[in-house]
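Peer 1: If you're matching them up, the sequences are chains E and B in order.
219 is the number that the working numbering gives to position 219 of the first sequence; each next residue is one higher, with no gaps.
Heads up, the working numbering is the position in the second sequence plus 1000, with the first residue counted as 1.
Honestly, the hints are just simulated from the structure, not real lab data.
Heads up, the beta-carbon is just placed ideally off N, CA and C, and yes, glycines get one too.
Be a bit skeptical, because a hint or two may be false.
[As the list claims (entries may be wrong)] Simulated DEER-style distance windows between Cβ atoms:
hint : chain 1 : residue 1 : chain 2 : residue 2 : range
1    : E       : K124      : B       : T1286     : 41 to 47 Å
2    : B       : I1239     : E       : N226      : 49 to 55 Å
3    : E       : T73       : B       : T1286     : 55 to 61 Å
4    : B       : E1334     : E       : G68       : 23 to 29 Å
5    : E       : K124      : B       : E1334     : 34 to 40 Å
6    : E       : K119      : B       : S1263     : 18 to 24 Å
7    : E       : G120      : B       : E1334     : 35 to 41 Å
8    : E       : S42       : B       : E1334     : 56 to 62 Å
9    : B       : K1332     : E       : G43       : 22 to 28 Å
10   : E       : E17       : B       : F1266     : 33 to 39 Å
[Claimed, not checked] Calculated Cβ distances over 12 Å to all of chain E for the following chain B residues:
hint : residue
11   : Q1075
12   : I1078
13   : N1096
14   : N1118
15   : N1205
16   : M1224
17   : M1235
18   : V1246
19   : N1292
[Said to hold, decoys possible] Heads up, simulated DSS-like pairs for lysine-lysine below, C-alpha to C-alpha not over 30 Å straight-line:
hint : chain 1 : residue 1 : chain 2 : residue 2
20   : E       : K86       : E       : K182
21   : E       : K116      : B       : K1006
22   : B       : K1010     : E       : K116
23   : B       : K1331     : B       : K1010
24   : E       : K69       : B       : K1332
25   : B       : K1114     : B       : K1131
26   : E       : K217      : E       : K69
27   : E       : K131      : E       : K165
28   : B       : K1332     : E       : K19
29   : E       : K124      : B       : K1264
30   : B       : K1206     : E       : K124
31   : E       : K131      : B       : K1009
32   : B       : K1261     : E       : K119
33   : E       : K124      : B       : K1009
34   : E       : K19       : E       : K217
35   : B       : K1006     : E       : K86
36   : B       : K1012     : E       : K119
37   : E       : K69       : E       : K163
38   : B       : K1131     : B       : K1101
39   : B       : K1331     : E       : K165
40   : E       : K163      : E       : K131
For reference, the chains in residue letters:
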Amino acid sequence: MTLFTIDNVRKTFTNGEVKEEILKGINLSLREGEITALVGASGSGKSTLLTIAAGLQPTSDGQVIFEGKNMTTMSSEQVRQVRASKFGFVFQFAHLVPFLTVEEQLMLMLDVAESKLSKGEQTKEVNRILKLVGMDHRKNAYPSSLSGGEKQRVAIARAIIHKPKVLFADEPTASLDSKRSKEVMLLIRDLTKKLNITTLMVTHDEEMLSYADHIVKMSDGLILGNV
Amino acid sequence: MNLAWKEIKKNKVRFLILGSIVFLVSLLTFIISGLANGLSQDNAALIKDLPEGQFYMNEDADEKYNLSKIDSDIQEDILNKEKDAVAFSIQMGFLNDEDDKQQSVAFVTSTDSKLFENVKPGEVILDSSLKEAGIKVGDTLTNNQFSGEFVVKGFVDQKKYSHAPVAFINMVNYQEIYRVMEMQMVFIPGADSSHEIAGLQSFSNKEFLGTISSYSAEQMSLNMIIWFLVVISGMLFAIFFYMMNVQKIGLYGILKAIGVKTSKLFKMIWTQMLIITVISLILSVTLSQVFNMIAPEGMPFSLTFETTMQLSIVFLVIGFIGATLSGLQIKKIEPLQAIQQGEA
Chain E
1 MTLFTIDNVR
11 KTFTNGEVKE
21 EILKGINLSL
31 REGEITALVG
41 ASGSGKSTLL
51 TIAAGLQPTS
61 DGQVIFEGKN
71 MTTMSSEQVR
81 QVRASKFGFV
91 FQFAHLVPFL
101 TVEEQLMLML
111 DVAESKLSKG
121 EQTKEVNRIL
131 KLVGMDHRKN
141 AYPSSLSGGE
151 KQRVAIARAI
161 IHKPKVLFAD
171 EPTASLDSKR
181 SKEVMLLIRD
191 LTKKLNITTL
201 MVTHDEEMLS
211 YADHIVKMSD
221 GLILGNV
Chain B
1001 MNLAWKEIKK
1011 NKVRFLILGS
1021 IVFLVSLLTF
1031 IISGLANGLS
1041 QDNAALIKDL
1051 PEGQFYMNED
1061 ADEKYNLSKI
1071 DSDIQEDILN
1081 KEKDAVAFSI
1091 QMGFLNDEDD
1101 KQQSVAFVTS
1111 TDSKLFENVK
1121 PGEVILDSSL
1131 KEAGIKVGDT
1141 LTNNQFSGEF
1151 VVKGFVDQKK
1161 YSHAPVAFIN
1171 MVNYQEIYRV
1181 MEMQMVFIPG
1191 ADSSHEIAGL
1201 QSFSNKEFLG
1211 TISSYSAEQM
1221 SLNMIIWFLV
1231 VISGMLFAIF
1241 FYMMNVQKIG
1251 LYGILKAIGV
1261 KTSKLFKMIW
1271 TQMLIITVIS
1281 LILSVTLSQV
1291 FNMIAPEGMP
1301 FSLTFETTMQ
1311 LSIVFLVIGF
1321 IGATLSGLQI
1331 KKIEPLQAIQ
1341 QGEA
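Extracted from the complex, chain E is given alone in its bound form (with noise of 0.2 Å):
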């Protein structure tokens, strides 16, 4: 089932008097549950589509349609209300709150979430994720004292505890290296499988491509192939 759809999406950027079009016209649906891995030279324009779908910056033309609404005429506070409510987010970097603990991350998620679970559910809720990453025996640690994996895998925890109905990945495993890559992506695909949650993620690497179900590749603004 179709949960996302691009539409002819185009992407103009204005500098001084310069246009430059980064987007020409993208067409791409996600179905429920897959993974669809974007990728392509380095501005192909895979991340300014990823954003576009994620609900981060304005189409110039185009539709986004999640579950059947059109994105692209939402207020910013509609379009926040989804990225709270419905995506989820991991990028190159974990980025996570220096100064909450790996358990705090999860519960302000669940609050920016506007989660409808009471608090004892929601620590019960925290405890499960955190074991499913494999983090549960560092809750109380702070960012500062975890690894680069560690907090990735945190950052993963924080994207899918509210349950997100998409997963907008932006290179999730470029800061790590090769045997951690592997470990945050088949973490990703596991998760992302048990909890149907549909991916769009980004990747310059090769290897990561095995973890998705869909490859679309792009070049010069533009779809090249859907494999």
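Given the structure of chain E, go ahead and fit chain B onto it with the hints provided.
Peer 2: Only chain B this time, still in chain E's reference frame:
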């Protein structure tokens, strides 16, 4: 989730430094305010203790009370018409005590009134600060321009003028010492500026205090220091939170990306400002009030609880403005910026 308090707990030293600075600046402001108020009392308690009303002096006195001479007919006319009106004069001078030691005083004389101490010829009532100079009730004091002697009839608290203790004497003795028959001023309690008298210039209490040159110069400099300190504290907040925000642009961007409301980030800054300021103010208010109680006798220091509360509110408002100004950059942060940046 209380992000503000969690950040303070994790970064104790950083917030302790800001808190210490706010504490020191506010304490300094309270102390200077106490000194300003103390000096103001020391300089013009005699006038400040009078009820609100209008002061009148000669139009050609050029707003200098010691050059003013109220015509006796006009004075008579006013005193007959206005039941509570009083004519009075103030002149700086000296009294010699029983050991022939000179004491600087402000001689004050007035027509019959409840607003000023009234004494018989040859009597004097002094400000209680002269007790410290060893003067007692019953002592006889002299003045070089006065043929007789003054017998001390009593003391009154907090009656000072131009940093000198006031000596209330009878009009007859005053006229002999200063060889002048007219009074300098008339005061009508309860009157307002609409109450005009031909040939006389009127002043409200505040305006009259402004004509005392030493008073206005002294108060102006001290008030300037107080407001300068208040502005500095506001700038401290703005700069501190600005520096913190610059370091956290990446973090704020990510928080916005995951859906944290900008208002929640503002609330976090305001809460931190409030926690730091309130704790710092509690400490500085307490310490300044303790100082108020133990300040040396001769030190002109007077700090009321109301004044510290008023200044504390100003500090909170200034802190709020400073923190909000620095927070404006949060509003401008785009989540994309943060994503494209490295680790915060």
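Peer 1: Tell me the numbers of any earlier hints that the structure contravenes, in ascending order.
Peer 2: 8 and 30
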